[in-house]
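Residue numbers (this note's numbering), protein chains in the order written: chain B, 1 to 399; chain P, 1001 to 1320.
Treat the hints with care, since some could be wrong.
[To be verified] Part of the chain P face toward chain B, derived, beta carbon under 7 angstroms:
no., residue
1, T1007
2, V1009
3, P1013
4, S1014
5, S1120
6, S1123
7, G1124
8, Y1142
9, T1161
10, I1166
To be clear, the hints were calculated from the coordinates, so they are not data collected in a lab. C-beta atoms are modelled at their ideal positions from N, C-alpha and C, and glycine is treated no differently.
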Amino acid sequence: MNKTKNGGYAEAQRVAADPKGVDAGAHFMDGDHAIAEGGLAAGCRFFAGYPITPSTETAERFAERAPEVGALFIQMEDEIASIAALIGAAWGGQKVMTVTCGPGFSLMVENLGLAAMTETPMVIANVQRGGPSTGMPTLTAQQDMMQAKWGPHGDNAIIALCPDSPQECFDLTVEAFNLSEFYRVPVIILTDETVGHMHEKVVIPPADQIPVVPRNNYKGPKEDFRPYQFDCQGGHPMTQAGDGYRFHITGLTHNERGYPAATAEQNKILLTHLIEKINGNADQIIRLDEDQIEGAEVVVVSYGITSRIAVKAMQDARKEGIKVGSLRLITIWPFCEKRIEEISSQVKAIVVAELNYGQMVREVERSAAGRCKVISVNSCGGAVHDPQEILDAIRRAAQ
Amino acid sequence: MSETRFTNVKQLPSVHLLGSGSPMCAGCGGLEALHQVYDILGTNTVFVNAAGCMTLLAVYPFTPFRGSWLYTAMASAPAGAQGIRDALDVLKERRGLPPEEDMQVVVLTGDGSAYGMGLSATSGAIERGLDFLYLCYDNEGYGNTGQQSSAATPHGARTATDLTGIGFHGEKKPLFDIWAAHRPPYVATVIGSEPLDLARKIEKAKAIKGPRLIIALSPCPTGWGFDPQESVAIGKLAVNTGVWPLKEYVDGKVVHTKIPRRRVPVASYLEAQGRFAHLFKPERNEAVLAEIQARVDGYWAGVEEVVAPPTPTLPQGGRG
């Protein structure tokens, strides 16, 4: 059942990016800066943030570029205020973003839940550093993968994307805005300190080659306006303050007019909508980067910076005659459970490499459901893997 | 201040408690102030820190303190201090901790926490009458992450997030007034370049129970853009230009402890720092400089009106 209006995400209306925000050309730039450029290219004109290592460079870049683009950068008193300002500005008609890392993201999660509840589009980049707590501010990790999805209390669904290079930081930030606008959901860029601080070539295309999903503002009669449409899984219009439509935005369980309706029946309708508009459209949302999976006996699942380390391990394994394929997760949430299910029935084992104590491996195990071995190559963060660790796991998996 | 044991600089402690060789930047005005504060407070001091430059003082073996240290999340240092104070009180009441072994609980944060996200926790601690001393080293920006603007950043300063135009458009938040409005027993401003004034205030604060709050303006070579050896000179200019009023709030009254009668023009303080260079080159931004000078003049006009003897004539206009 496809309840999506306007034909689904693939057919969503797209327009050329506003050239004012597009710094077209080839750049030598780090991932943090590329995230700021991606946001500006996607039409983001409001950034509220708070400095925190290793994400500060994104805020600084946006702050520096904002005057020439006609955007607004506000430095807030903390991360709670930063994300709250995004909610306000989004309902004021702007495309909005912020950037942070673990401790700041932890402060944001209550309002992240509010943003999901109120179907407020926004993009939040989490440039992950080693934790818990203050942890290792200048060292890399991938420890906030589960927090991105399960941080806010209560059930909800968000989208999270994971770039493995500065180029992808740019590309996926644009994509994040497009998904966020279409599904009216917070989208999280789950990058890491290494990618954030890594300088590489970043090619920013001309504006007319960057398709962006514009804000869909309601234009119909006032009496028909509903800020929410629970039978619609994408493409449902918003309005903005000052447009003349009356709307009510609340964190309480609400009806389609936005007014509180805290009953079990209404909560079922609302929650089903919030979750199914994402999970029910997972096929349209999920992007994966696959290599040599056909005929493989072992598949390595990785994401972000770890996937670039895994490449070396896989090359070495192939030299030893092991048939190994790669599944790089570009979309983290919703999780690609169907693809893992398929792969798990074709291979001896799946190796999951990640810079945490074992987070996404749980999703892989759940989806593989015992059809193949699942081997975790985890790490406590602070440094990327030694390719040898992943190679050893591939060898064990192939036995 | 007749009660003070410090009547001249020579009477200040000559043996210093804070160890040398910490990871702070050379010429750090915050460390200079902390150094002097610690000498007066003594070794029976436990520091409660929120994220900031001085969190680097926790990196072993570069830990210059003689005693204990508790790190808290950035918004929570005064709440962390509450727990320590309560624990010490329990030890005193139930376990017979001798008074001479009691500790001063000192919150140590930068302006990012003090002026911004920690303000709510500070307000709560003052409201509860917590017996603690708050030392804010105020370097007017988020120094630890590369000097982005904070609520303590002065008008016209360039920061990493205010690189264009005149720099920071806002005004430095009046934290002294906000703290004083809570009516705690003691609030003061200090600066490391005025060690006698600082020592007297810390001496007074040490003898008082309840919330005592100190803001130390902390010239920052790295963030403000000046040679580390100029740190004391910049601090003296901050006082002599009237930019940083040295004052205390005690018994419900604000008293200025040093009134620069012949104030040096503010431009000489600003011109010495890279963060204000854009106000002088390629050409002087007279409008902004006049605006900043007028604000300082206006402040002191108010102070002089308070301290001047009552006069039957109408107040003069145009004093700022």
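Hint-by-hint comparison with the structure:
For T1007(P), the interface hint is violated, the least distance from its beta-carbon to any beta-carbon of chain B being 41 angstroms, above 7 angstroms. At a threshold of 7 angstroms, the smallest CB-CB gap from V1009(P) to chain B is about 38 angstroms, leaving the interface hint violated. Because the beta carbon of P1013(P) sits about 33 angstroms from the nearest beta carbon in chain B, more than 7 angstroms, this interface hint is broken. Here the hint on S1014(P) is broken, as its CB sits about 36 angstroms from the closest CB of chain B, past 7 angstroms.
Because the beta carbon of S1120(P) sits about 10 angstroms from the nearest beta carbon in chain B, more than 7 angstroms, this interface hint is broken. Among the interface hints, the one on S1123(P) is violated; its C-beta lies about 13 angstroms from the nearest C-beta in chain B, farther than the 7 angstroms criterion. For the restraint placing G1124(P) at the interface with chain B, the shortest Cβ-Cβ distance is roughly 15 angstroms, beyond the 7 angstroms limit, so the hint is violated. For Y1142(P), the suggested interface contact is upheld, since its CB lies about 5 angstroms from the closest CB of chain B, less than 7 angstroms.
The beta carbon of T1161(P) comes within 4 angstroms of a beta carbon in chain B, closer than 7 angstroms, and the hint placing it at the interface holds. Because the beta carbon of I1166(P) sits about 12 angstroms from the nearest beta carbon in chain B, more than 7 angstroms, this interface hint is broken.
Hint check: violations occur at hints 1, 2, 3, 4, 5, 6, 7, 10; the rest are consistent with the structure.
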